[in-house]
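Visitor: For the record, the sequence lines run as chains A and B. Using this note's numbering, the first residue of the first sequence is number 1, and each one after it goes up by one. Using this note's numbering, the first residue of the second sequence is number 1, and each one after it goes up by one.
Keep in mind that the hints are not guaranteed to be accurate.
Stated by the list, open to error - Label pairs and their calculated CB-CB ranges:
#, chain 1, residue 1, chain 2, residue 2, range
1, A, 364, B, 197, 24 to 30 Å
2, B, 282, A, 303, 47 to 53 Å
3, A, 348, B, 150, 29 to 35 Å
4, B, 361, A, 338, 55 to 61 Å
5, A, 140, B, 291, 35 to 41 Å
6, B, 113, A, 338, 41 to 47 Å
7, B, 197, A, 314, 36 to 42 Å
8, A, 198, B, 261, 20 to 26 Å
9, B, 340, A, 324, 47 to 53 Å
To be verified - To list a few chain A residues with every Cβ distance to chain B over 10 Å, as calculated:
#, residue
10, 58
11, 121
12, 264
13, 335
14, 371
Hints are computed from structural coordinates only; laboratory data are not their basis. The beta carbon of each residue, even a glycine, is placed where N, CA and C say it ideally should be.
Protein chains: 2
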Amino acid sequence: MIGYKCLCRTWQTVRSKDSSICRVQVLVKKSGDAVMSMPGICAGPFSNTLVIDLTHVLNGPFGTTILGDLGARVIKVETPGHGDDTRTYGPYLHDKSLYFSFVNRGKESIVLNLKDDDDRAIFLNMVAQADVLAENFRPGVMARLGFSYDDLAKINPRLVYASSSGFGQTGPLANFPAYDTIIQAMSGIMSVTGFPGGAPTRVGTSLSDLLGGLYMFSGIASALYAREQTGSGAHVDIAMFDSTLAFLEHSLMEYVATGAVPKRIGNRHPYMAPFDVFECADGHVAICCGNDHLFKALCEAIGNPQLAADPRFADNEGRIDNVTALKQALEASLKTRPAAYWLTAIHNAGVPIGPLFNVAEAIEHPQSKARNMLIDAAG
Amino acid sequence: MIGYKCLCRTWQTVRSKDSSICRVQVLVKKSGDAVMSMPGICAGPFSNTLVIDLTHVLNGPFGTTILGDLGARVIKVETPGHGDDTRTYGPYLHDKSLYFSFVNRGKESIVLNLKDDDDRAIFLNMVAQADVLAENFRPGVMARLGFSYDDLAKINPRLVYASSSGFGQTGPLANFPAYDTIIQAMSGIMSVTGFPGGAPTRVGTSLSDLLGGLYMFSGIASALYAREQTGSGAHVDIAMFDSTLAFLEHSLMEYVATGAVPKRIGNRHPYMAPFDVFECADGHVAICCGNDHLFKALCEAIGNPQLAADPRFADNEGRIDNVTALKQALEASLKTRPAAYWLTAIHNAGVPIGPLFNVAEAIEHPQSKARNMLIDAAG
């Protein structure tokens, strides 16, 4: 993702009564690479794509921002008065909301009152020319405005119309209040994040909001590709709840296979050991031994080769059955020296190991620099 | 996502010396809806798309499986002998690996030794006909086989060639060992997940593996769309590390805005209060008050209206500054009754609230049923 360090070049939105699609303002300058590096496509895969962006706050804007990063012209439609709520959210950089810029960089903006007849005419004129319409209102809001998929497909049958919401456009919870924390709580992801005996734990980012946005982006790209074959647009219906369920992985498999309710197991892998985070003298390291050979190499690297000969730890099954004793034995050695020592010694022994970085260490790492992960988008 | 409850219909891969692309076997039956519901596209947006799938284990296969769910023909290339490692991973259902089926449902499979001349000819013949090639080997492996993007683009300039890896194809860490736990540790996400005073916490799913897969799918869809405009394929370079950094959200913003290292703050929202998980008499609920009006309604619903009059809690800023005292005050009331009581009472007061579900409760919920989130894909 690009442009975290982005500045709003101009701030106020302006109201337009002109029925043409006009370039109102550049909120942030576009720049650099993205998570998706595509050397073959310089201008961006969506460089001829016009997106009408009715999304607000975090979930929807995160998805449409990726379209913009990859070349699309994204025109954000904001409500009269204060515009998108996130314009007032911290943190701030040079008195501008970084939160707003994070998910709206590179977009243009127009203020429209979708209940006003003149503005509705402007909006419908934009829709007629657009490739994509994205929205994350509560289900039913667009239909009440007269802008359901069926309404707009009549004006523009090639329109890809993407709806992102907490629980989707259908089902008994379609109108249930959907904030990231509530979706994380209801999806089960909190119930399997954290430690045995500890509290259910929220993922330390708005995972469900962002996943919904990324799935929405994926759905839009897929439907645009399909349109090139069929000539027809589509309605893409994304739910943050569905998106989070799709990420439950081994917990969901376990439940399906056994009927047992998966529990919190801390930082360890459910099926492999040692495959966990371990304490050293001054911090933590992550060590991943996927087989007996690596376990033996680890025991030698930490100066405790007899550990590999312990019958309890002879194979992966035994190591999982005795995972607490194994961790204690390994940490008894690891705690004698600092993490930096072990990162070299264990890495040199051919055993997968990595440091635990904080956010500053992660983003300032030479790897992040080499990949252009943080770019100043101020013009 | 569909087909969690999927069964392998046939198990063994077979070796083919035939140079045509042949239907070797159906591993799992395709079925149902997906996270991306597109009523307008019945056959799936990728129904005319051929994918050569060299991916293995979790990250890459998760991405190519979405292509298959949405209609693509995906031919998985497996190594002679045991095939994909995950064929031996638990959990098992009817003696088949559910882990393998989870990320390979709907695919065909062919066994090829990519160092054998005959098999290389088969492979190149497949590549010549394909729309997409996906791989998640360590960077450099494909080039050493003579199958770099530049090599294969000569045979098929329309090929979309997607590489997913731990740290990407470039940068000083390109060859660093990349397991999900190591990427989570190095991305900073663990440093901001968990409680103040507690340990850094792994997200309870293979977040980095799955995010890399989802970004890879997105990149493939984007490059296919671009190909329809330009006639040319592209090389898509996805890193699990980049993908996880892109999801750091407010932690990254905070670091960029202030230079301070973000800390673990438990389950609460960084900028809004009360916006957290709270203990009731018999369990937890998530409550999200985005403004003063909702806070007042919450205080009334829990029978403690004087709380809203406390000057410490008069506005959001005060509630954040006194977030621990606020939580204690709210929980003093909430702990007097069970979660089910509060879910009704507080919801009826118009305040966003949701239950904390375990994985079984989440997936068995009528909403998950209505959205077809769990489908038996056994034939």
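Visitor: Does each hint hold? Answer for all of them.
Guide: Against the structure, the hints:
1. The hint said 24 to 30 Å for the Cβ distance between residue 364 (chain A) and residue 197 (chain B), and at roughly 25 Å that hint holds.
2. At about 49 Å, the CB distance of residue 282 (chain B) to residue 303 (chain A) agrees with the hint of 47 to 53 Å.
3. Judged by the Cβ atoms, the range 29 to 35 Å given for residue 348 (chain A) and residue 150 (chain B) holds: they are separated by roughly 33 Å.
4. Separated by about 43 Å at the C-beta atoms, residue 361 (chain B) and residue 338 (chain A) break the suggested range of 55 to 61 Å.
5. Checked against the hint of 35 to 41 Å, the C-beta distance between residue 140 (chain A) and residue 291 (chain B) comes to roughly 22 Å, which is inconsistent with it.
6. Under the hint 41 to 47 Å, the C-beta atoms of residue 113 (chain B) and residue 338 (chain A), about 45 Å apart, fit the expected range.
7. For the pair residue 197 (chain B) and residue 314 (chain A), the supplied restraint of 36 to 42 Å holds, since their beta-carbon distance comes to about 37 Å.
8. A beta carbon spacing of about 23 Å between residue 198 (chain A) and residue 261 (chain B) agrees with the range 20 to 26 Å that was offered as a hint.
9. For residue 340 (chain B) paired with residue 324 (chain A), a C-beta distance near 35 Å fails the hint of 47 to 53 Å.
10. The Cβ of residue 58 (chain A) sits about 8 Å from the closest Cβ of chain B, inside the 10 Å cut-off, so the non-interface label is violated.
11. Every beta carbon of chain B lies more than 10 Å from that of residue 121 (chain A), the smallest distance being close to 26 Å; the non-interface claim holds.
12. With a least beta-carbon separation of about 7 Å from chain B, residue 264 (chain A) fails to lie farther than 10 Å from that chain, contradicting its non-interface assignment.
13. Interface exclusion of residue 335 (chain A) from chain B stands, the closest Cβ pair being 14 Å apart, more than 10 Å.
14. Not every beta carbon of chain B lies more than 10 Å from that of residue 371 (chain A), the smallest distance being close to 5 Å; the non-interface claim is violated.
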